[in-house]
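Hey, can you work out the whole structure from these sequences and the hints?
There are 2 protein chains.
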Amino acid sequence: MSNKQALKQYDIKKYRTPDGYTSDICVFTIISEKNEAYKPPTMDLMIMLIKRAALDSEGNMNIEANKWAIPGGFVQDNETGFQAAKRELEEETNISGIHIKQFGVYDKPGRDPRGWIISNAHYAIVPDTYLSLRKAQDDAADIELFSIKEVLNLNLAFDHKQIIADAIQVITNDLLQTTVAKNFLPENFTYSELQAVLKTVTNDPAILSDQSFSRKIKSLPFIQEVQGKTTTRTSKRATKLYRFIEMDVIKPIYTARY
Amino acid sequence: MSNKQALKQYDIKKYRTPDGYTSDICVFTIISEKNEAYKPPTMDLMIMLIKRAALDSEGNMNIEANKWAIPGGFVQDNETGFQAAKRELEEETNISGIHIKQFGVYDKPGRDPRGWIISNAHYAIVPDTYLSLRKAQDDAADIELFSIKEVLNLNLAFDHKQIIADAIQVITNDLLQTTVAKNFLPENFTYSELQAVLKTVTNDPAILSDQSFSRKIKSLPFIQEVQGKTTTRTSKRATKLYRFIEMDVIKPIYTARY
DNA sequence: GGAATAGTGTCTGTGAGACAATATAAT
DNA sequence: ATTATATTGTCTCACAGACACTATTCC
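Protein chains in written order, with the UniProt record's numbering: chain X, 1 to 258; chain D, 1 to 258.
Incorrect hints may appear among the rest.
Each pair may be met inside one copy or between any two copies, as identical chains are not told apart.
Unchecked claim - PhoX-like, lysine-lysine: derived pairs with alpha carbons at most 25 angstroms apart: (1) K251 x K236; (2) K251 x K218; (3) K251 x K149; (4) K236 x K51; (5) K251 x K182.
Bear in mind the hints are in silico, worked out from the structure with no lab data behind them.
What follows is the structure, encoded as structure tokens:
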């Protein structure tokens with residue numbers, strides 16, 4: 001192959017190149033409100049934002065200071081944007097195996113006043129246990145969870161309002177049309193726990209109804225009953241546990257009932 | 001706001017920046033084989049590839065020469081990757097209003113031997129009329145349609161094998177779970193034309209069966225019967241026409257029948 | 001009339017959704 | 001016993017899928 005020769009003639013400087021390439025992450029978590037004993041949870045889908053400091057680490061004035069923003073940073077030239085997202089998030093949270101999905105690119109000229117900077121946007125799902133850990137740490141003041149209803153009313157940095165709006169759209173879709181909901185749940189879960197997750201993004205009456213949903217869950221091909229194990233964490237009565245089966249599900253809209 | 005001051009202190013050179021930012025497009029089209037009169041079409045989903053020339057426009061040896069590749073090019077600093085895709089494609093095909101969707105970013109270190117080059121990947125849907133136009137033009141030798149079954153067996157440039165595989169996955173999903181199929185169809189279409197499009201990506205018996213599908217299409221909320229108009233292009237008997245209604249459809253997998 | 005596609009009549013089985021009743025265990 | 005959640009019994013209605021039949025129009 002003559003790639004080597006061709007490469008010698010290639011002048012990398014011929015094109016105007018971006019001034020930076022960042023990886024940004026919309027971190028979603030679900031918090032269970034008033035988690036009394038023997039109660040099914042009431043859940044809320046939240047997004048984690050950080051408040052940009054007035055000064056950066058070198059003492060210079062920070063861009064878009066004091067605004068809320070999604071976490072992120074520059075991608076290094078020996079990693080992918082996805083790896084950068086994973087690295088930053090796992091460093092930050094000390095949690096491994098976090099579910100991350102790339103969902104968009106933000107590259108509108110002028111989106112970042114520092115120059116031509118391309119943002120590779122991801123969403124991540126972290127368990128709600130992380131918040132308590134994070135809050136207990138030192139600089140917890142600059143980090144906060146917002147509900148997806150209120151987050152778009154904030155004063156957000158850069159084009160993060162658009163990014164977050166898109167992320168909410170994408171995760172809503174994914175929760176209902178894929179099995180990502182499993183990342184919000186323990187390995188084994190009850191019907192009411194899965195139901196609570198789905199209720200954060202839908203009003204579908206078939207999901208809202210307890211009886212319907214507890215029946216339906218048994219017939220879903222991607223969910224399996226865990227034999228011989230029960231829990232009482234959502235009810236005084238022992239409750240069946242279920243688990244997700246690894247499976248790609250595509251259900252055509254053309255064959256559904258309406 | 002103090003952004004101006006902050007900007008003055010910001011040193012853009014601090015970070016290693018990418019060597020290039022490209023926009024690449026997987027162009028899909030559907031060709032109707034043996035399109036006899038009064039016959040419903042038999043369709044095949046195809047992807048358009050270009051053969052990379054041995055020499056570039058300046059007479060230098062080209063990188064990845066003589067391999068098949070998806071069309072694309074460098075993004076300019078006054079446009080988005082999406083706009084670049086649209087521009088390149090519309091320039092090339094002379095068709096406006098093409099459906100384009102961004103679906104992924106390819107940024108693995110080493111994916112392009114010329115340097116750290118980030119590819120923003122899109123898929124596009126162009127009507128099958130384009131092929132005939134394009135074939136009639138001058139340098140038609142370097143452009144060809146491949147079926148999605150055979151395309152992955154080709155010798156493809158860069159990481160385009162992965163990009164194409166992902167694109168096929170994404171368009172399959174979108175065809176079944178959204179209303180993008182409309183971009184493969186005329187404004188008004190028969191049930192058998194829509195069915196033929198869907199059959200390119202699914203074996204679902206409910207879609208394969210003529211009677212079932214012709215009944216089902218009447219009850220889909222995002223499809224409307226066109227009153228008072230018929231066609232005989234798929235049958236000797238006059239056939240009802242339908243059209244898509246603009247609508248976001250999300251049908252949860254948790255409420256479907258299996 | 002023959003051929004080919006579109007569309008309907010009808011039956012059967014399954015399951016969704018509603019309502020009511022029952023099961024279970026902490027308190 | 002009370003209470004809250006989980007689960008099942010049962011009924012009804014709608015529809016998916018199958019099969020057979022009818023409709024239309026070009027040849």
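Going through the hints against the structure:
In the homo-oligomer, the alpha carbons of K251 and K236 never lie at most 25 angstroms apart, since the shortest distance is 36 angstroms inside one protomer and 33 angstroms across protomers. Taking the shortest alpha-carbon separations for K251 and K218, both the intra-copy value of 17 angstroms and the inter-copy value of 19 angstroms come in at or below 25 angstroms. Taking identical chains as interchangeable, the C-alpha atoms of K251 and K149 lie at most 25 angstroms apart only when they sit on different chains, with a minimum of 22 angstroms there against 28 angstroms within one chain. When the C-alpha separation of K236 and K51 is checked against a cutoff of 25 angstroms, the pair qualifies neither within a copy, at 42 angstroms, nor between copies, at 67 angstroms.
Proximity of K251 to K182 under the C-alpha cut-off of 25 angstroms is found in both arrangements, the shortest distances being 18 angstroms within a copy and 18 angstroms between copies.
Going down the numbered hints, you'll see the structure goes against 1 and 4, while the others check out.
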